[in-house]
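Participant: If you want the building blocks of each chain, they are given just below.
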Amino acid sequence: MKVKPTSIIFRRFSQGLFLLIFIVLFLHTDYQGQDEISGAVNLLFRFDPLIALAASLAARTAIVLVLPAIFLLLSSFLLGRWFCGWACPMGTLLDCARPLLSRKAGVAPAALPKLRYILLVIILVGAFFGLPLVGFLDPFAILVRGLSMAVYPAFGMAVETFFNLTYNHGPAWLNHLTEPLYQVLRISVLPFDQKVFALSIPAAAMLISLFLLDLLHRRFFCRYVCPLGALLGLAARFAPWMIHNRKPSCTACGQCSDLCRMGAIDQQGQVNGERCILCMDCVTGCHARQFTFGRTHRNPVPVAEGLSRRAFIGTTAGGIALPFLFAVRPMKLYPEPRLIRPPGTLPEEQFLGRCVRCGECMQVCINNALHPALLEAGFEGLFTPRLIPRIGYCEYQCTLCGQVCPTGAIRRLSPSRKQEIAIGRAYLDRNRCLPYAKGVPCIVCEEHCPTPEKAIRFREVTTINEIGQEVRVKQPYVVESLCIGCGICENKCPLPGRSAILVTSEGESRRQPSIEGNGYTLKSPSWKTGTPTDKA
Amino acid sequence: MERRRFLHNVTYWSLSCFFVLHWPFPSLATSAQAQTPQAGKPLAKVGIGKDKDYRKLVRQVIALIGGMGAFVRPGARVVIKPNISFDRPPEMGATTHPLVVRTLAEMALEAGASQVRIFDRTCNEARRCYQNSGILPAIQGMDDRRVRCEYIDRRKFVTVPIPQGRVLKGWDIYRDALEADCYINVPVAKQHGLAGLSLGLKNNMGILGGNRGQLHRKLDQNLADLGTIIRPTLNVIDATRMLLRNGPQGGNLRDVQVNDTIIASSDTVAADACATMLFGRAPDEIGTTVAAADMGLGIMQLNRINRIELP
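So the protein sequences, as listed, match chains A and B.
Numbering-wise (the numbering used here), the first sequence opens with residue 196 and increments by one.
Numbering-wise (the numbering used here), the second sequence opens with residue 4 and increments by one.
Errors might be hidden in some of the hints.
[To be verified] Below, computed lysine to aspartate or glutamate pairings styled on EDC-like, alpha-carbon distance capped at 16 angstroms: (1) B:Lys159 to B:Asp175; (2) B:Lys159 to A:Glu374; (3) B:Lys159 to A:Glu355.
Source of the hints: derived by calculation from the structure; they are not laboratory data.
All chains should be modelled from the sequences, with the hints used to inform the complete structure.
Facilitator: See below:
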């Protein structure tokens, strides 16, 4: 077996280390016995300059949370796209999957290398003009979303199924072996509770498609699509330390060109700094030892592959125009009533701009309450978090989603502040609610209502039940001013199927009270109406 | 030939494995029933005490009714079932006080228990409830391998028939609770919208699987029916803090009355009846107690309860 050169070992070690950190952080994105989470996978996003730029453009402010991204951008000004080759967990996973996906590379259309710049411009311009696209193309967003919504729950399910089988059908001696193992797995890698997600298949499909693209070309996504790579590549134009070809003795044999996983070396052996990810394959692979890593004397980058002026202007115009197509929809006037956002969410417009659809809030949500939206928030709201109370409710004392949001689209709140914020409001369906519809006792909703002064109370009334008897039952009702819309009532309602008490986004704190007026007069300020409004 | 032989083998092995391995646990239901039948006793013994020092208090009150040795035999597997339903700190009175649970665990060990398990199927998220109720930290603080505060394992619910049930004919019940040699029921005394009060019989719901909300339709009788299957060896009602309003969750200290009282009895119904008095209510106001007494599960008439109070 061939011994790998040191530089390759270093690179692989670095890739492995960053992947390990990523996985540990990912598993750590969960309740850890304290109200404050000590470290979560949002760290990755806070180092992502693309997300930093897009979210800041959308918010039109510098978002302090994503300031670490500057370090990554600055390092690229010095070292080019080192991150893509040495750290990016998505890139590492693509490299790992290489043996499964190796195939003879085809010929790419000439315009393909421009694609990532087109996407980058559309993302950034679109972000500024109100069309949030970054979450659909950023590699971390695709990766974390795919993992948290599909891969991780499926992994948990598979392991649980196996141990269920051994527990329920295995003999005692087998359980003596498997049960301790199961307990160890439960503590270390398994999710505490089996979660389900509304859009697990699309999230998985997006992630898998990145791997399938590798069938066309090695690191296809990184080469042609990744807008983060494009951004780092732009910075790489200025990088003084690069891999370059010691010209004179090169025979232009073309071997390096085939070797390069990024297609960064042309047939003449010229290295394109905008694509090169410093993987060191050419440095160690060239028989003539033509390539070195070091300071380049800045010759004007000959193979830069940016957009032409025309293409740039055209793309920019597209980025400006697209948002307006999305703006002319009834959603702006009539928000979907079942779209319940997590507590601390910014007003809808700002939220959509800042949310990067990474799915971390859903990963961390302790009750599996947050799910990706399909079209409830419009096309651009795909994969944004929404609360589905029947599946899980918002835990009264929990503030984890706001703590892991990398861009502050969901604000970080203290528990006491969070408990004042209404995310919706419950109403009773008296046609289904047992004490009303059938004269049968129940009030499970009242029992679970978490507000110290109960937002669900009951009246004791005499009514006629289904078989005509006169009975005394306790009938629940909702006190609107106290209800915060946490959804535990809808979640715990013991009726099969649809709950008899339902939460809608009506009355949520983040909605501007003026919009809810009759359209002619501005409503009186919130302090007069007494509704708890929430200003950022 | 190869394929046929393969199929033969597969069928043979899977069938034989199925029959060999598939031994269900039909005897489970009876193991709990076998425990000390106590209905029909002329007099129920209930210990009541009041003290600021909860550790001392628990020990003294248990001593009044014969000491832990009367309930825990050496080598016994003990289950302590506190109320950990909600994500509330101990002072809110929604959950059993951690010191009470811990003291009971210590006493069980002193009486010779081989293992002590503590669990509850919570209403709020389990980890938050275990942590913030203070019960998990208190048990971990004991640092004893024999005592474990465990989360509910969904695989351990077994469907148990309730032959004596008047409305409830069967339900999923937690296996560890049924198989325990000594089951100590440690509810917290608090107000409850539907049941009136949540006491010993209501606390049994914490070892039930399935959609527990459905039991609320005939809650009193359902709880009484469950009482025929779940027969605690010992009941310790924690009335150190009593949630008087907005139960069973509470969340406001104004609704909590500090009472520093512990009630202990082997008779769940009698313990509940005595605890009801603390709220200034009569035992026959609580439907669950009435239904259980009617089933012969214990004694609720105060004149037939031997109340032993701490001096």
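Participant: State for each hint whether it applies.
Facilitator: Verification of the supplied hints:
1. Straight-line distance between C-alpha atoms of Lys159 (chain B) and Asp175 (chain B) comes to about 9 angstroms, which keeps the hinted pair within the 16 angstroms bound.
2. With a CA separation close to 13 angstroms, the supplied pair Lys159 (chain B) and Glu374 (chain A) stays within the 16 angstroms bound.
3. Of the supplied pair hints, the one linking Lys159 (chain B) and Glu355 (chain A) holds, its CA atoms being roughly 13 angstroms apart against a limit of 16 angstroms.
In this structure, none of the earlier numbered hints is contradicted; all agree with it.
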